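Asks: Order-wise, the sequence lines are chains A and B.
Per this note's numbering: the first sequence = residues 1 to 322.
Per this note's numbering: the second sequence = residues 1 to 324.
If you're looking for bench data, these hints aren't it; they were derived computationally from the structure.
Certain hints may be false.
Stated by the list, open to error - Partial list, computed: chain B residues near chain A (C-beta under 10 angstroms):
no., residue
1, Ala34
2, Ser59
3, Ala277
4, Glu279
5, Pro297
6, Leu304
7, Ala307
8, Ala324
Only a predicted model underlies this, so the values are computations on that prediction, with no experimental measurement involved.
Beta carbons are placed, not taken as given, at the ideal position from N, Cα and C, and that holds for glycine.
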Amino acid sequence: MSTIPDTKDSAEASVEQTVGWLSRMLLIRRFEERAEQLTLRGKIPGGVHPAVGQEATAVGVASVLTTADTVSAPHRGHHHALAKGMSPDRLMAELFGKATGVSGGRGGSMHLADFEIGFIGSNGIVGASVGVALGDAFAAHYRHEQRVAVAFFGDGGVNTGRTWEAVNLASAWKLPLVVVCENNLYAVETPTAEVTGGGSIVRRAEGFGVAAVSVDGQDVGEVREAASAAKKRALAGEGPTFIEARTYRYSGHGSGEGPGAYRTVDEIEQWRSSRDPIMRLRAALAKAGQITDDEYARLETEADREVDEAVRFAEESPWPDE
Amino acid sequence: MAELTYRDAVAAAIAQEMERDESVVFIGEDVGAAGGVFKATVGLLEKFGPTRVLDTPISEQAILGVAMGAAMTGMRPIAEIMFSDFFAVSWDLVANEIAKTRYMTNGQVTLPLVIRSGNGGGSRFGAQHSQSVENWAMAIPGLKVVAPSTPRDVMGLFAAAVRDPDPVLFFEHKSLYSLKGEVEDGEILDELGKAATRREGKDVTIVALAAMVPRALAAAEQLASEGVEATVIDLRSLVPLDVSAVAASIASTGHLVTVEENPRLCGWGAELSSIIAEENLFDLDGPIVRVTTPHVPLPAADTLEDAAMPSASRIVEGVRRSLA
Ligand SMILES: Cc1ncc(C[n+]2csc(CCOP(=O)(O)OP(=O)(O)O)c2C)c(N)n1
Ligand SMILES: [Mg+2]
């Protein structure tokens with residue numbers, strides 16, 4: 001499996017690194033598409049929340065993290081896990097409910113964890129991921145560790161009180177926390193704008209005295225820049241940062257759900273055709289003469305091979321002992 | 001007579017009560033436009049409009065705050081907590097506020113509200129979306145706790161819950177939503193606290209709730225082929241608890257087996273067993289056996305979840321232990 005080179009605190013990246021993000025985004029895309037298909041074929045009993053379309057938010061943030069930095073994720077968290085370096089084999093095995101899964105089959109799609117790589121858990125309860133990262137940020141601060149804790153959560157989580165309790169305390173205690181809201185516009189089938197007072201999520205965060213920024217979540221470079229600045233701030237003892245990453249999920253809320261009546265097929269097509277994060281990075285690299293069509297095709301083939309291998313691993317793995 | 005699924009019975013029950021009483025409103029996450037994540041509330045928004053069927057943000061505390069305050073001043077709200085696991089997010093409202101206010105105000109106010117919720121395992125959703133939390137609710141004085149096992153009972157018990165002066169937690173079992181059953185025409189209204197005998201047998205009394213009722217019936221079939229005749233009692237509600245139905249049955253069978261989906265410690269079967277042991281000990285000809293989920297979070301893997309939840313064969317084994 002390819003790895004994303006650690007870059008510590010610089011937002012500048014080499015060509016090799018940038019190609020690394022592209023290949024990681026491709027891996028996530030192919031993994032998620034396959035996981036959805038496998039759910040429909042009955043191989044993944046509990047289903048998944050596919051992150052197709054949201055690859056850049058996870059990869060952009062993870063690109064500035066070291067293994068010591070941690071990530072806490074919500075229910076839609078495969079992309080965060082893969083971006084942080086989780087083995088696709090062991091992730092797929094977890095989804096299958098096999099003994100070789102990251103959590104031995106006991107966790108499932110919403111409860112992934114691999115402490116070796118600093119992925120401290122995804123979570124089935126909306127809002128919970130932020131509180132968990134808060135505690136880890138406290139631990140880092142208390143032990144004078146030079147690292148940050150990152151919490152991902154969705155736009156639906158901006159309307160549960162606990163999210164803001166965590167942001168407030170991190171602000172008051174100046175903890176090294178980076179909170180990333182992946183705003184994909186919907187919570188299940190509810191358009192978040194229709195049930196959210198005040199309009200701007202970033203303004204809400206600013207009310208708690210934290211640095212807050214809204215970025216194009218379909219632009220891996222822009223996400224990375226914001227994450228890099230947030231990490232610098234945290235390591236300098238200046239406290240938490242709140243990042244709203246504007247993104248979009250192409251699939252339904254859960255696997256196997258169609259486009260739904262809550263949004264138009266046109267809207268999905270718009271995001272896919274004009275803002276796709278993989279397409280955009282590929283185009284930028286190609287324009288700079290940094291990737292050829294052949295090289296890109298090889299990345300795709302490699303992503304497919306990794307996912308094939310993950311499925312084979314999951315299929316052949318034993319069931320867990322009771 | 002019509003054949004309805006359990007999920008359609010939920011929508012029909014809500015509609016029956018909303019048609020009857022304008023003070024009934026219905027709120028929750030994705031309950032209106034989406035028709036509920038389990039599709040149990042399809043058509044209600046279209047029928048009653050957005051002033052009575054309201055989609056909320058993911059704000060469980062606000063949802064129950066709305067239900068409580070509105071109930072205190074004369075409305076009859078129905079609130080949905082999508083998965084019963086999420087009661088934990090808003091437990092203050094349930095345990096400290098809604099349950100206690102009638103008592104703390106010396107009866108100045110009642111809280112006629114219903115909180116309905118998808119409960120229980122079997123869907124492979126993992127430990128935070130699969131729990132059977134009816135025993136959490138049972139532990140709080142001031143709440144009524146209902147858990148139907150058939151489409152018909154969804155209708156009758158739901159109507160009773162809405163018309164009850166006190167707060168009712170109404171647990172719908174997720175794995176029963178697609179179950180079909182006969183539902184009589186016209187208004188259906190049951191009384192809370194009446195168990196139903198689903199099968200008569202002279203040798204042992206099996207007491208079950210919600211999704212454990214069909215499993216208990218399957219176990220009874222298997223036992224019948226071995227010459228053991230079981231009575232199966234469906235409790236239908238835990239508060240009020242129909243102790244007399246259970247007592248009357250064991251007076252003739254002499255054996256009690258409870259089948260609980262909740263984890264073992266402090267499950268409802270422990271309470272029922274202690275009551276029977278205290279009041280009806282001399283009717284018993286063998287030990288009370290509790291078949292439960294072990295005291296573990298529910299695993300996501302299908303093989304592990306199946307091993308954890310009470311199965312027909314574990315119930316059969318439990319009966320054999322009681323009869324041995
Ligand atoms: C406390 C709580 N309430 C409700 C749910 C059910 N639920 C799971 S995901 C979800 C929508 C979340 O939307 P968002 O935060 O925007 O994340 P997205 O699914 O868009 O990635 C809901 C309502 C839950 N898991 N936890
Ligand atoms: Mg969302």
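Asks: Of the hints given before, which are not true for this structure?
Replies: 3, 4 and 8
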